[in-house]
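Student: Each chain, written out:
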Amino acid sequence: MKNKLATMLYGGDYNPEQWAPETWDDDIEIFEEAAINSVTINVFSWALLQPNEYTYDFSTLDKIIDKFSKKDFKIVLATATAALPAWMFKKYPDVARVDYQGRRHVFGQRHNACPNSLDYLRLMQQLVDKIAKRYATNEHIVAWHINNEYGGNCYCSNCQNAFKFWLKERYRTLENLNSAWNMNFWSHTIHDWNEIVVPNELGDAFGAENTETTVAGLSIDYLRFQSESMLNTFKLEKKIIEKYDQKTPITTNFHGLPNKPTDYASWAKEQDIIAYDSYPTFETPAFETAFMYDMMRGLGNGNPFMLMESTPSQVNWQPYSPLKRPGQLRATEFQAVAHGADTVQYFQLKQSLGATEKFHGAVISHSGRTDTRAFREVAQVGHDLKKISNQIMHTRTTAKVALLFDWGNYWSVEYMATITQDLNYTKLLHDYYKALYNNNVAVDVISVDSDFSEYDLIVAPLLYMVKDNLGKKIEAYVAEGGNFLTTYLSGLVNESDKIYLDGYPGPLRKVTGLWVEETDAILPTNHVNVTLKDDKMFTGQLVSDIIRLEGAEPLAKYASEFYAGTPAITKNDFGEGCAYYVGTRLDDSGLDYLFKFLIAKIGIPQLSTNEHTSLDITERHNGKDTFFFILNMSNEVQSLPLEFQDDQFIDILTDTHPKNVLEPWNVNILKR
Amino acid sequence: MKNKLATMLYGGDYNPEQWAPETWDDDIEIFEEAAINSVTINVFSWALLQPNEYTYDFSTLDKIIDKFSKKDFKIVLATATAALPAWMFKKYPDVARVDYQGRRHVFGQRHNACPNSLDYLRLMQQLVDKIAKRYATNEHIVAWHINNEYGGNCYCSNCQNAFKFWLKERYRTLENLNSAWNMNFWSHTIHDWNEIVVPNELGDAFGAENTETTVAGLSIDYLRFQSESMLNTFKLEKKIIEKYDQKTPITTNFHGLPNKPTDYASWAKEQDIIAYDSYPTFETPAFETAFMYDMMRGLGNGNPFMLMESTPSQVNWQPYSPLKRPGQLRATEFQAVAHGADTVQYFQLKQSLGATEKFHGAVISHSGRTDTRAFREVAQVGHDLKKISNQIMHTRTTAKVALLFDWGNYWSVEYMATITQDLNYTKLLHDYYKALYNNNVAVDVISVDSDFSEYDLIVAPLLYMVKDNLGKKIEAYVAEGGNFLTTYLSGLVNESDKIYLDGYPGPLRKVTGLWVEETDAILPTNHVNVTLKDDKMFTGQLVSDIIRLEGAEPLAKYASEFYAGTPAITKNDFGEGCAYYVGTRLDDSGLDYLFKFLIAKIGIPQLSTNEHTSLDITERHNGKDTFFFILNMSNEVQSLPLEFQDDQFIDILTDTHPKNVLEPWNVNILKR
Amino acid sequence: MKNKLATMLYGGDYNPEQWAPETWDDDIEIFEEAAINSVTINVFSWALLQPNEYTYDFSTLDKIIDKFSKKDFKIVLATATAALPAWMFKKYPDVARVDYQGRRHVFGQRHNACPNSLDYLRLMQQLVDKIAKRYATNEHIVAWHINNEYGGNCYCSNCQNAFKFWLKERYRTLENLNSAWNMNFWSHTIHDWNEIVVPNELGDAFGAENTETTVAGLSIDYLRFQSESMLNTFKLEKKIIEKYDQKTPITTNFHGLPNKPTDYASWAKEQDIIAYDSYPTFETPAFETAFMYDMMRGLGNGNPFMLMESTPSQVNWQPYSPLKRPGQLRATEFQAVAHGADTVQYFQLKQSLGATEKFHGAVISHSGRTDTRAFREVAQVGHDLKKISNQIMHTRTTAKVALLFDWGNYWSVEYMATITQDLNYTKLLHDYYKALYNNNVAVDVISVDSDFSEYDLIVAPLLYMVKDNLGKKIEAYVAEGGNFLTTYLSGLVNESDKIYLDGYPGPLRKVTGLWVEETDAILPTNHVNVTLKDDKMFTGQLVSDIIRLEGAEPLAKYASEFYAGTPAITKNDFGEGCAYYVGTRLDDSGLDYLFKFLIAKIGIPQLSTNEHTSLDITERHNGKDTFFFILNMSNEVQSLPLEFQDDQFIDILTDTHPKNVLEPWNVNILKR
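Just so you know, the protein sequences line up as chains A, B and C, in that order.
Each residue of the first sequence is one higher than the last, beginning at 3 in the numbering used here.
Each residue of the second sequence is one higher than the last, beginning at 3 in the numbering used here.
Each residue of the third sequence is one higher than the last, beginning at 3 in the numbering used here.
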């Protein structure tokens, strides 16, 4: 059993190796002024630690760790493997990735190692061994940070070789392989394992952007293989660290919206604590950021996670990065805590002097001054966190609704060559999350492998790929009293992207009690009308299924097109539970209406029944106390929901009763 | 003399090798329910037929052919050469094409062979020989289907070598070559045949998209060479088949709108019957589909053609593919028959289980059910065709108007670096076709090599490239009483894209009786006014020629810009005939007005004088009877044109007199 | 001291080698009809002059030079090195450039030599030596034209090698290099000079378009190195010519808006006379063309320049190239003269018969006729120039305002990864130039290395990169009484793109008397309000600096957002002079207001106080006379400014007093 974090970390990435050691003490003084108690170091130092294959130099890192240990900072120590030194590219070109066009890359950027390069694996393990051995006993290290923001794929011949073995293990015979991928199509039949070719823009790719592929089964398996290859490098690092340190939690930082090439559901199982880098843009709606936090909490089985990176002000890499308005920093950082974070960390603590991130915001900016608005707000967050740390650490959130997110499905949906080109898995899931969020319902975003039993309602939009046993699992869940909702384009293919033959939605047909005869494509400029029972009229977009009932009853019908009068939304009693099917991309008001109906019918808990558009309302609790987080995620004053306008509540940030309004970007943490 | 098809084929592509043989009988039962009498097989089976260089395996194909022969189906047998097996790429990388960026492709996709690879040519011929020899005597085979949807180009060193010999034959001396292409430009003079470089994105290409080229003469010749190289592979296959079978017609399927790299005018001469794959999108206007059918009829000298592929419902590869509305399938399939098709064939008869076309519509869908709307409509078409087959087979259409379409011109127009970037040859031809179509005038889309003598009017918009003898041919045609119409940007270059020096429009100057002094570019947001004789005002776009008359008389003048009052449209009496010149891109109403004038003046037959926008009106006739096809190509009720509201007509589909209206998508085939 | 041009040249590029010698006399007759007195020849003849490595053939060039010498034409003789022959690519592939993706190019296009290929340098020098030696004594040669329109970059291994030595010279130690570029970022530390990798799309590039780079310092140095490498090839050619001819001026033609990869500030120092190719599109506003002419005049220290290329009618390579309206040619050619040109030259004198420029306008068009509108206008310009040549030649313009343009800054601004993606250096400079132009203020566009002392006002918008001594130079200029204006995003980095630490705007902080605490990004759809003293309201876009005054006083304040009331524009008295700072992208009316204020305050001379939008008003003068150029740059009649409605003026083109109006596109050259 690994250690837990003892107190809330406040800090973030710090790269003192870019600066003269004389400046470090000044920096630390500033950190302390902001109640910063932690630094993440050594993320990109490989070239400095190892100037050539045979030389290691830990002198600078020793000084840094020594300095922060003496100052009693918590240290998150990175393994420095996320960017390879120039000499390594020169000496061992195979460490570089080959891209989808078959081009071997050269030195540059970061996150650039081929996960199947034996040279990389050897050099990486040697480095990690030296680091782990050297610093394992330092008690200030509260977490190991392996590599950084994993992502991307390699398409080199080493990967091709490894892929063959992976496939052989998965499919055993070429006959199975040819059948799984339907390789008699377009003369693709393989007669020898050596005929396997990795996805390549000059091979099976096509389409205007070359993003489509002839054999999606192969491409999806390749993504699985790459995600596993990369995870394997993570596990190799982890194993080395655990040789020297069995107590300190080990993690890597997840990122993205969500990161497509990396199957976080598998990766999460290997993390001692989930860590996430959060970079909403100026136009990201608050619910989308919340969706990612709820996914991180879901991936960690409800355990608190680390907000490993976030920006204290602006970023340099988004198209536009306006200033955060006064108070906005505090609201956005506390949003992570509200959804389950036990740390608040920034990229970065000190702004760099050169290279591409020099205009990325930092706690210490180029001016070095602390008499600035930005610094004052950073310090306020630090002091706030210090105040609440003891009460909030390790508290949890209970959600009775889960939203399924599956990486295999993600990949297959976006490779799907079908009647519309507008399939964006994340965006279509957002439809459903948003409706729940706006109704102040706590949601766990979970994987299809998670335990369903604690949830009153499982929402699985666009579940195109249904893995082997998943159909049965859903049937069992519903039969035992669960509620299950799915949509258009679900239940079509198995794990190899091969069609289920027994009529759409395949393995979900029995539980939903219906059969989809055909599916219309709706142009982006068009819609179909949908009426619910009481004649309320909504619209559907994207696609509309023409549904034939096999036991289900209609909840809504189409009200236009030649299929007017046929079912658009259905409900099917199945065992003790019930399955719902939504045949079109229902508009927001339609989904709101549908979920209000489900909340009432199923008895799903709501934290507030207030209609709002700018508040983020969540709770965290321990055995005894519940803490309600009410965040104003807007630049305008908002009323506090009526449920909380009550003097039985105390705001633990201010030790006062809540006011009836929240100032712009204000945060209340109410304890009853 | 080859056999003709005996009855109308109804069927299409079927890939039983993707399925267990036990399922085939069930499939056949369904085909028979839909009156399907034919299957196209073996299109993509090479990898299955030849698992490695030294092994052939015809066991599955034997069973398939045997099965369908016993069931008395007509078989269209493909040669399986359209997609190469994986082992061939591995063993002989030169079989793969090199793309315009100089990159050798790897295994994948289809339509991927280099036409100048000796390895490919050897292996292809061996395969075709085995297939032809084995099945030539089977009497159920009604057509041989060589390869599939030829297209694309290769830029490899084998092609470069072959190109040199091709050029040497064409130009004989380097002096001729340098002169033809104007190679003293930008230091391009060639002093040795080995200095010839094929077009390459890293060479002579430029422009934002690298689609422009320094020496268009070279690039156009390369397209000629590639089209001929590919045609040569077709001819090699054909010759082998004819060793064993001199009776059964041999063809390949044309496709595209139209397919740019493949000079169908040359290819058509080698086809025993023209075959076409038709895939209009949901937004393709009916006249554009008709344009392609009239081109196929024109390419086949007026003989009936095969509709080799079409979709029974949706396709997977268009951005959006809404459902066909009730009745729409029947109208779209009959449109091909109305314009001269003697077959109605689908891609495909059974929906595949995996890979990129698994959501392409099929007669047998994934559900396998026949109690569906889509299947009922397919069956209706089958029974309709069976009913009319005897009367319609081998009937022909007589057109007195021809529209010239030339591939050399197509290529040169789209390489033309001139005063506007908006030159889309096909789109600009559509202007003219549409005006004729809307006036219910039968049109043959023909090549510049066709016989002009039977036509009352030849329309040749944007005839930029005028081949050596074409000017004289046009003069002779007009002198003998023909009517000829051409437009802006015509008569500028010869076959090598070299300017005719004697003033625009070069070889057409004498027959049109005018000289174009300069040409204005009109911005897409702008237009020039044009007035015809009776003060009707129209607009011109794209370009406007400033015309100086040399014998011609103005039919219309510009009415804006500094050249207001100068001629915009002219007429020139020449011998017994007359030549017309249109100096700008006249708007639709202007072209309608112009063609109504020409129809009246020349006496061009119209099938109806009704104004309509949604009817497709054509005729097919034998020595005795004429069959009028009146198709409602819309989702609304349309009036039948007055000419056909007459009880002397019988609809041979229903054996009743026509009603005064056509229901949405309804089809009448009226016999007087 | 080199010769000066004796008379105004009127002529341009002529490629007689593309034509039979028999046609040359006819061409010359036409030239003379248009008062053309000069030809530029031999620009792209390398392949013709040298059919293989060991053979030279000057027979055709001899004939051409002989012909024009006998006809007493002035000859601009090019060195023919701008496009390499095909045989050279074949024999020495390293002469070809390697592109940013690492791809070696093949024969094609032009402007295609690697400047660090020893093969290229050897063959180029041999050719130039032969040409210079052969023709140096010809007295008709009035200028040598080296190469053509230099531009572009090479990324090959020869360049990589040369770059290492260049860096070693610049930075001396790896420590300095690592520090200058901040290479401890993302593990980029270099431990050996051989680890240097040139910029490569497969290396440090990223972003959606791969146009961003990890280490901008490296990429900017590479652009410097490439510009110098290319300049070195120019200097090699020049040195060879000067072996044989020390009198005739030597130049190359600048081009572009402005040409980004070529640091014309360095190049200008090596030119005996500045030459420029001017190709405004139909939508280029007149002030943008004027901006480039004023830059050419500025680069030449105020000396007259050559208008080396322009089009007599249309061009073939712009998206749309409408006809010039009657009179428009004359106005556009005279605009160059008005801003300082002493030649008017066209590309080209005769339209080519084939290849990509065959539809580029020319004096002799494909028809060969002179009874055309276009030819008449060309001839008019010729006769006009002949009339004024003696008076205008060698006259100069005096500007009291300079606008700084720096190539290092250009590069760094466009690599800047910051809070907005909308940084277009040229466009943002245009804001300022336009305000001055509309107020009829003469402006020199000069480099940061120019002498500032003669100017009353130096305008330096977006001076992001401030080279080592530039801050001090500006301080000295202001201290001695100069006025200096700069803007948002200035003073941030040094020459290696490394941040100045002492608070923005770094080395400009003292002279501007302020500190920029933070900078907001303003979305393209948004703006911030700005009020000037008298409550006039303007808007700001792009970014807005939050300014803290350190001595400066506010001239304008923000009037919206949370920083409303803080300074937006400031003024700081410094020594005898004054520095202005503009914190946001002020709208056009705001800049007009600001410059009217500065003109009044500083006493900057205006040629007219008339508000106009379509007149270009400039002056040229010698010791005695001043010539006012009043050009109507529009298709409408315009009033002559009141200042010039005075009978003391004579129009030297017509020898009459000016009228009160200017006809469309009319030109007045008024002498008092």
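Note that these hints are calculated values from the structure, not bench results.
Don't take each hint at face value.
Just a sample of chain C residues kept apart from chain A, beta carbon distances all over 10 Å, derived [said to hold, decoys possible]: (1) 5; (2) 270; (3) 504; (4) 648.
Facing chain C, from chain B, some residues (calculated, C-beta under 10 Å) [unchecked claim]: (5) 61; (6) 103; (7) 206; (8) 213; (9) 217; (10) 218; (11) 451; (12) 501; (13) 503; (14) 505; (15) 548.
Using 25 Å as the maximum straight-line C-alpha spacing, the simulated DSS-like pairs for lysine-lysine come out as follows [claimed, not checked]: (16) B:92 - A:166; (17) C:92 - B:166; (18) A:166 - B:93; (19) C:166 - B:170; (20) B:436 - B:245; (21) B:262 - B:245; (22) A:170 - B:661; (23) B:92 - C:93; (24) A:92 - C:166; (25) C:166 - A:93; (26) B:166 - C:93.
Think of the CB as a built atom: it goes at the ideal place given N, C-alpha and C, for glycine as much as any other residue.
Student: Indicate, hint by hint, whether the structure satisfies it.
Tutor: Hint by hint, here is what the structure shows:
no.	hint	in the structure
1	5	holds, 48 Å
2	270	holds, 30 Å
3	504	violated, 8 Å
4	648	holds, 52 Å
5	61	violated, 47 Å
6	103	holds, 8 Å
7	206	holds, 3 Å
8	213	violated, 12 Å
9	217	holds, 5 Å
10	218	holds, 7 Å
11	451	violated, 24 Å
12	501	holds, 5 Å
13	503	holds, 6 Å
14	505	holds, 4 Å
15	548	holds, 8 Å
16	B:92 - A:166	holds, 15 Å
17	C:92 - B:166	holds, 15 Å
18	A:166 - B:93	holds, 18 Å
19	C:166 - B:170	violated, 47 Å
20	B:436 - B:245	violated, 44 Å
21	B:262 - B:245	violated, 32 Å
22	A:170 - B:661	violated, 66 Å
23	B:92 - C:93	violated, 31 Å
24	A:92 - C:166	holds, 15 Å
25	C:166 - A:93	holds, 18 Å
26	B:166 - C:93	holds, 18 Å
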